[in-house]
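2 protein chains.
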Amino acid sequence: MLLQINGGVTAPRGFRAGGVHAGIKPGSEKRDMAMIVSDVPAVSAGVYTRNLVKAAPVRWSSFLTNQSDTAQVIVANSGGANACTGDEGYQNAIRMAEKTAQCFGLSQEMVLVASTGVIGKQLPMDLIEDGIELLAKSLGPDEAAATAAAEAIMTTDTAKKEIAVEFTLGEKTVRIGGMCKGSGMIHPNMGTMLGFITTDASISKEMLQRALHSDVEDTFNMVSVDGDTSTNDTVFLLANGMAGNKRIVDEDADYTVFCAALRHVTSFLAKRIAEDGEGATKLLEVTVQNAAQKTDAVVLAKSVAGSSLVKAAMYGNDANWGRVICALGYAGVDFDPELTDITFKSSEGAVQVVRNGMATEYSEEVATRILSAAQVMMNIDIKNGNACATAWGCDLTREYVDINADYRS
Amino acid sequence: MLLQINGGVTAPRGFRAGGVHAGIKPGSEKRDMAMIVSDVPAVSAGVYTRNLVKAAPVRWSSFLTNQSDTAQVIVANSGGANACTGDEGYQNAIRMAEKTAQCFGLSQEMVLVASTGVIGKQLPMDLIEDGIELLAKSLGPDEAAATAAAEAIMTTDTAKKEIAVEFTLGEKTVRIGGMCKGSGMIHPNMGTMLGFITTDASISKEMLQRALHSDVEDTFNMVSVDGDTSTNDTVFLLANGMAGNKRIVDEDADYTVFCAALRHVTSFLAKRIAEDGEGATKLLEVTVQNAAQKTDAVVLAKSVAGSSLVKAAMYGNDANWGRVICALGYAGVDFDPELTDITFKSSEGAVQVVRNGMATEYSEEVATRILSAAQVMMNIDIKNGNACATAWGCDLTREYVDINADYRS
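Which chain is which? The protein sequence lines are E and C, in order. Heads up: the first sequence begins at 16 in the numbering used here, then just goes up one per residue. Heads up: the second sequence begins at 16 in the numbering used here, then just goes up one per residue.
Some hints here could point you the wrong way.
For identical chains, the list gives no copy identity; a pair is met inside one copy or between any two copies.
Claimed, not checked - As a list, the in silico DSS-like pairs of lysine-lysine whose alpha-carbon atoms are at most 30 angstroms apart:
| id | residue 1 | residue 2 |
| --- | --- | --- |
| 1 | Lys136 | Lys187 |
| 2 | Lys69 | Lys360 |
| 3 | Lys152 | Lys360 |
| 4 | Lys309 | Lys69 |
| 5 | Lys45 | Lys220 |
| 6 | Lys69 | Lys398 |
| 7 | Lys398 | Lys45 |
| 8 | Lys152 | Lys40 |
| 9 | Lys286 | Lys69 |
| 10 | Lys45 | Lys69 |
| 11 | Lys286 | Lys45 |
| 12 | Lys136 | Lys398 |
| 13 | Lys261 | Lys114 |
| 14 | Lys136 | Lys360 |
Simulated from the structure, these hints should not be mistaken for laboratory data.
Produce the entire structure from the sequences given, and follow the hints as far as they go.
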């Protein structure tokens, strides 16, 4: 049984966290550096941006999670992406790890680094180093500490995003906690999103990486805010084994339970990212069912969730299904538009607007009421097989434009 | 020598045009039906949407331009796309051709049909048929008639789009005239754009289709407003031979001259579509040079021109080149970001903002002034070969959202 509990990344045993104001972004008073520390070395896994342009911390951290089995600390900053910063930027990412490691008497290879913010500027390393010292002293094991960390990685996010769950493996209680940020530059294959997940489960490196990798495909990678994939996307998962469960080393029943709990955490966080899309007023959940194969369903669902015209229509509560079928049609997947059904759903009810590629006799008034809810679902049935996929997005609003027209100023 | 002359589709000899108000969109007083007629049968060529969902008139017209060498009339309406309308819709498209043919004593196979507007509603055929009769009586050979036709196909366009050019083949003066519409749902592989091009050149079916096809790849298909490809995109090219030039039947010198003139017409129209992107305040021209191959340059240029974040930054006159290099990085083309140069140009000057993947010491003030112009160019040099491509787009504004949040109401 899976229980959602209070707290975030400090909910699992043996993790402390913190968030401080280091002053990285001039004029801002918000927290801008976060840290998560495991009391003991934790098995580490990471998934990173597929953008050809990779930020310096992504290069450092992916090197670490590929080369070694464990890590003990995550240090992150907002206010600067440390991307397109050349050798100096890469040395700065390593320096962040080194400085952090010194605070805990660790080697720098135990420190994962993540950054988010504007591309192309060198980090203010004096402020960063002071921030790291401050962080190391401010760590706590409680909910408030987790929340401080979650707040510190926010950029244009309007709400902190964290969750924790509890379940049992054998006789042991196991917890997973997670936090993330992301609201602009979010797209399939990950946007500027940082996700940090902790667990006290005992699990092998191989199984942890496998669990994270397949999970991200169906959760964070199915979120689209604006079609842009960032240079800094990162998800870390640290498992410190302190729950004392029998170590998971195989795709056994315990692995399945662990994966289900992980899915609960990551799909919760993915939806929070989608609904906090820059300027968004509602969450859009697009499910394509009865596709010939999973990849078809994925491509079609993402095409609809990512269409600017669909997103603008959702903002206007306009049941403009023509734009939905149009976005299906240009996705590059073979299906028969004349077999396609489309249904809109929300807390206000459900209405089928398309049957076999043509309009039903639906009421525009009813459809508009359904679309006016804060969470809107579209079910698209293409009657071509039995594969299914869900993508999450948001509406496109005037505020999105306002936010992005002068992000740097 | 190529001369740009006044007028549009009636500039070539033997073409008449007209535009009338048929009342297709309730409550609107604007012209909503257009017609272009050649005095004699004209060699016909067409290029159509690649969306899997094809509107009824696209199915009818592509059938015609594939099956027969000539056509004589184009009839078009705005106010309804006649897409996702089933058999009834297809019969209505044929009925538009039949009714038009009757007015001129032609067979319906000589009439190309195009529609634009909202998807999923049946056309009001009584109004359409009255409109066709009215059109047949209103045709004129002058500039005003061409303009009336160009106005009648506008939907959210804020300006009519037409052009004519004159050049010589042998001793003969040849003209090409063009008109188009399109401002939303515009994207690579054509948006909801209709383009009608006339010429009095004498040219074979095969060469005309070849000329149009390769031309569209570099012009209309390089325009991106919002990433959505419509169900109705159509470009027609009619060549009636009345210039009396030696018939073009081969890729000879005359063909080259003809193609250059056609390129002038279509690239002019493509840029007008981009700068009239829904809500746009400026034209964005993105050139990628020194790519390993043409397709690389095309994909990279389109990725930048289509990025919501780049477009929003342009709206804010913000030299946020990080978003440009990010859009290059996720385009799926292999290149070295650390060799990339980026320069912004406009009537206000030029500034190189990136050299070898990192910021130059440019002045933000100067960059902002350059970006504030109505036409902004980005030159991106990836130093990986010698192929080049240009894409056109526009900025993303609050007005885009306003237009698309309630397009149907």
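- Hints the structure violates: just list their numbers, smallest first. Hints 1, 3, 5, 7 and 13 contradicted; others consistent.
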